[in-house]
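*Asks:* Order-wise, the sequence lines are chains A and B.
Sequential numbering from 1 applies to the first sequence in full-length UniProt numbering.
Sequential numbering from 1 applies to the second sequence in full-length UniProt numbering.
Since the hints were derived computationally from the structure, they do not count as laboratory data.
There's no promise every hint is true.
[To be verified] Taking lysine to aspartate or glutamate pairs in the DMTMM-like style, the calculated list, with each CA pair at most 20 Å apart, reads:
{"no.": "1", "chain 1": "A", "residue 1": "Lys225", "chain 2": "B", "residue 2": "Glu245"}
{"no.": "2", "chain 1": "B", "residue 1": "Lys211", "chain 2": "A", "residue 2": "Glu38"}
{"no.": "3", "chain 1": "A", "residue 1": "Lys225", "chain 2": "B", "residue 2": "Glu247"}
A quick note: this is a predicted structure, and the numbers were derived from the prediction, not measured.
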Amino acid sequence: MELALQVKNVSVHYGGFTALDDISLDLQQHKVLGLVGESGSGKSTLARVIAGLITPDGGEITLNSQPLLKKRSRAQRKQIQMIFQNPDASLNPKHSVRQILSEALLFHRIVDRAQVEKRCKELLAKVHIEESGLDRFPHEFSGGQRQRIAIARALSVEPSLLIADEPTSALDVSVQRSVLELFGKLKEELNLTMLFISHDLGVIHEISDTVAVMRQGRLVELNPKDRFFANPESEYSLELLSAVPRMPKPSTPGGLTT
Amino acid sequence: MSYNIILEVEDLSLETKQHHRLVNRVSFALGKGETIGLVGESGSGKSLTLRAILGLLPRGVEKVDGTIKSDERTAMVFQDPRGALDPLCPVVKQLSEVVRFRQQVSKKAAREIALELLERLGLPDSLKTADRYPSQLSGGQCQRVVIAIALACKPSILLCDEPTTALDVTVQKQIIETISALQKELGFAMVFVTHNLAVAAAMCSKLCVMKNGEIVEQGDTLDLLQNPQDPYTQMLINSVLPVPELEGSERIWN
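For reference, chain A alone in the conformation it holds in the complex (with noise of 0.2 Å):
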């Protein structure tokens, strides 16, 4: 299997705080590593160290084989998009959707001018979003399609690692189900590689092929998926685990004060 991630020995020091500690892990190509953890555990911090949001104290990035240094070039920014949790902070709300596709594909030249309308419609039926939808405002849109918007605009230049940060944490269970089934969909059209963060473990089971699991700044355990959810190695994620609340099975009576 091709490497398409390698991180080592990464760390990020706030002040006096450690927010990443010696982080290494590996991500396979056309694969999605699942990431998880409770707050404060660094999951976010590791995803913007990767993307180049902020520049590590220490340790190597490499992507495809090329490291990735604290400047980078356009080619390298590039390669990795991001999704974040919230929608409405990540997407223009003065820019149509026309123009939130365009600007990416425009500047990495992805396409030529005359050919960004063709695309930004294609993209847009990529994410079961209307033609029509292309002039008009994010706040014309539900959540979940707003979602949509900001997974077609990662996906606009063809990045070759996509990293999604809690992108479905904002929206309501049934919605989360629709943007979770697009990603699947998505994954196998296009052989996405993708590092997708999330706290909830139902959608990482969903989603991944491998799981991480963060705490406290540290990498507590990385398994591929069916180990970790039937058999956990660390004792922290064991407790994670047991902790998730389960819908009652057929046999058990259900609510604690009947």
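With chain A held as given, fit chain B onto it using these hints.
*Replies:* Showing chain B alone in chain A's frame:
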């Protein structure tokens, strides 16, 4: 369980000043010591219904129809514990204030009762000697303080508005265990608002499923989850992402 109805909501309707219907003809009854869950997606009117019971409607929302019958003391636990606490007041002082006001006792006695409550909720003993501000406590600890403040009112009905949504799963489990233990001990009834069906299943004996301001289905938790009649309930149940059981271990939860 003897069935004494202590809270009855009948045909409750809420509207904005512009006559936009937010909650439409919601009815349910709560028995003594019972827990009823209101579940649904955002914007379905769960929290507004809860606030109407307490008479704490946001500005611009009015009750236009229906009755809420209850003679019991009611207290509420909010979703965001840091937002519900005064950030400029140390927590023991905050709690003592509520105890003093609600239970009409002296300052000194109020502090005693407050410390007892905090101990019962599993907060660190160090609070006895050094009071701390909400920002110096973790989210789970803040939520425990909020629950303590609610219990200081000696409620017969505890209204919980997504008390665990802002918390991590391990902390969520602890808080839910704490609330359940306290309920067994003190025997209060609960109205529990959540969007998490699994949490609702663990806590509630009855469920009301809400959609667009209306109750689309209500019934006993297990019946409702196993034989949902309404397509919306069915859809909600199908949207719950399964987490497989751990190998070689019985279910620890519930």
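*Asks:* Determine for every hint whether it applies to the structure shown.
*Replies:* Do the hints match the structure? See the list:
1. A/Lys225 / B/Glu245: Given that 20 Å is the threshold and the Cα spacing comes to 13 Å, the pair holds.
2. B/Lys211 / A/Glu38: 30 Å, violated
3. A/Lys225 / B/Glu247: Cα-Cα ~13 Å, so holds.
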